[in-house]
Amino acid sequence: MSEHIDSVKTYALVFAALIAATVGTTAVAFVDLGPFSVVVALLIAVCKMLLVALFFMHVRHSTRLTRLVVLGGLLWLLILIALTMGDILTRNWVGVPGR
Amino acid sequence: MITAAVPERENYLNNAYGIKSWLLTRDHKRIGLLYLFTVTLFFFLGGAFATMIRIELLTPQGNFVSSETYNKLFTMHGVAMIFFFLIPAIPATLGNFFLPMMIGARDLAFPRINLLSWYLLVIGGLFSLFAMLAGGVDTGWTFYTPYSTTYSNSWVIATALGIFISGFSSILTGLNFIVTVHRMRAPGMTWMRMPLFVWSHYATALIQVLGTPVVAVTIILLFCERVFHIGIFDPTLGGDPVLFQHMFWFYSHPAVYIMILPAMGIVSELVSVFSRKPVFGYQFVAYASMAIAVLGFLVWGHHLFVSTQSVYAALVFSFLSYFVAIPSAIKVFNWTATLYKGSISFATPMLYAFGFIGLFTIGGLTGLFVAALGFDVHVTDTYFVVAHFHYIMVGGTIMAYLGGLHYWWPKITGRMYPEGWAKLSALIIFLGFNLTFFPQFILGYLGMPRRYHVYPDEFQVLHVLSTAGASVLAVGYLMPMIYFIWSLRYGKVASANPWGATGLEWQTPSPPPVHNFDVTPIVTHDAYDYSTVIGQEVEVG
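Quick mapping for you: the protein sequence lines, in order, are chains H and S.
In short: position in the first sequence from 1, add 1289, done, that's the numbering used here.
In short: position in the second sequence from 1, add 130, done, that's the numbering used here.
If we strip away everything but chain H, and leave its shape as in the complex, we get:
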């Protein structure tokens, strides 16, 4: 298995992108987007996570097994969120007596 190493320039660019995204998250926090504030913050966070995983954690150049492990982790996060939201979003479908 050959070890692929990215150039310093690539790492610097990724680092700059991460800093820019952090600044972006902070800036968006001062703008009232209503319910979309959370959506935008999470989208930026996902982009940052992908940059870290693909470049800093070398997933881009990893074996298929390593990629499977990463996808497995994401899938499990999805299970946590999906089934929890399955509760939270449907809680009020049945009316509460007296209300």
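Read the hints as simulated data drawn from the structure, not as lab findings.
Note that CB positions come from ideal geometry on N, CA and C, so glycine has one too.
Some chain S residues near chain H, calculated using beta-carbon distances under 10 Å:
#: 1; residue: Leu340
#: 2; residue: Pro343
#: 3; residue: Asp370
Derived, one-sided and incomplete: chain H residues facing chain S with beta-carbon distance under 10 Å:
#: 4; residue: Val1358
#: 5; residue: Leu1366
#: 6; residue: Leu1372
#: 7; residue: Leu1378
#: 8; residue: Trp1382
Quick list of simulated restraints, FRET-style, between CB atoms:
#: 9; chain 1: S; residue 1: Glu138; chain 2: H; residue 2: Phe1304; range: 52 to 62 Å
#: 10; chain 1: H; residue 1: Leu1343; chain 2: S; residue 2: Phe499; range: 41 to 51 Å
#: 11; chain 1: S; residue 1: Leu503; chain 2: H; residue 2: Ser1296; range: 55 to 65 Å
#: 12; chain 1: H; residue 1: Gly1361; chain 2: S; residue 2: Phe505; range: 27 to 37 Å
#: 13; chain 1: S; residue 1: Tyr249; chain 2: H; residue 2: Leu1357; range: 22 to 32 Å
#: 14; chain 1: S; residue 1: His508; chain 2: H; residue 2: Gly1361; range: 30 to 40 Å
#: 15; chain 1: H; residue 1: Leu1360; chain 2: S; residue 2: Glu138; range: 49 to 59 Å
#: 16; chain 1: H; residue 1: Leu1360; chain 2: S; residue 2: Val195; range: 43 to 53 Å
#: 17; chain 1: H; residue 1: Thr1314; chain 2: S; residue 2: Tyr147; range: 48 to 58 Å
#: 18; chain 1: H; residue 1: Val1297; chain 2: S; residue 2: Phe240; range: 23 to 33 Å
Dock chain S against the given chain H, drawing on the hints supplied.
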């Protein structure tokens, strides 16, 4: 009598001496023993709390300890037993010791990380121990919010921090097992030739790695709310207490499988060896472990049936919960089918395996009761659930753990345990266990709530029976402690393969050499091919 001075063969126990040789060891076998020592301490600590609980429950009045103390007793019993005994018990002791040997490896993939994981368990344990000595914690082992974050005046943070730290011990052990199974198998050890003990530990390791980080996050959130009053779970701060339950049980339900899957792995080994037959439907049993690991993550909402969880979510969780019964039943039926026309011997480890199969079946079937929405509403927070849980954890995991400990004791120490005493203790444990926990099913069904120390007079008979059973159980647990220690000096010297087993761990001397095998084994047979050991001398009871 003339005895010739023969130099003792070098093994992992006599190759180095002194406290440093243990505390800085990277040998998975020595680390396994460090874990054995640590979890045994926590087992007796948790047992001491249980003893006080059972003494209190002898009478309907709360006259032995105060309500506050009682709350702390059952909490600390749960914390000590679950996080510091049951979760590490089998994987970190027997798994650590035997997983590499069973696949023909010299050690785990990351020996230093293995030692680190033991230190993390000890540090986490010390934090929780400090909390227990400083005044204890009273939230229940489940730390439900907002009580744990806002109202409890006990040592919540110190205990939770201890669990947080020990969680990393569990993650690192799981990581080590996954990498070891993928990368360190001996030549010829294909996936379908791996012993089922290894399969079940592989499945366990996946849960440890995928689930434990979530409880770590949950503890951090609990910390943020309790210390910084950031509203996450407390409704008065804008949080959702049921969110805590979701996050907690996302880990803690699969954690039950972290505790039971390795036990199932032991039982697969025992049933095969002591009936001298390959495990019936090997592939099904192996894949059943993987199925339990995956399905175990989809059912946590059945702990929330009486919370404000949506009825629709509850329906889905109830439906999914029944699916876990399928791989569990596959295992039980396949073990039973393995016995069919087998050459069965009733050695102590096999007695424990029989105990496991019966008690796990009762625990598993009552699990279906509580997965049913209607019935669960009736028995939630009653002794029915307590009994169900203990049938799985004590009747299942601890029976298998003791079975495994007896089975591999000759390999670990090079000495046989006294068979007669061991059989007697297995019998006492089985009887004591049932006397302790069967009355609790009835108590719970009749409406005795858990976590109360004052109860109506009509429940006293059943409580007295349960406490009497606990005394018998305690005697049963103390006996192996005594004769195991006795056997270290006086036990009969064990041969390399006293049971005539097929596993690679038995193809090397007892106790094993430092690097497990003098020559790397080459595997040419399936895991339970008894034609390979025909003619070997066997010591069975």
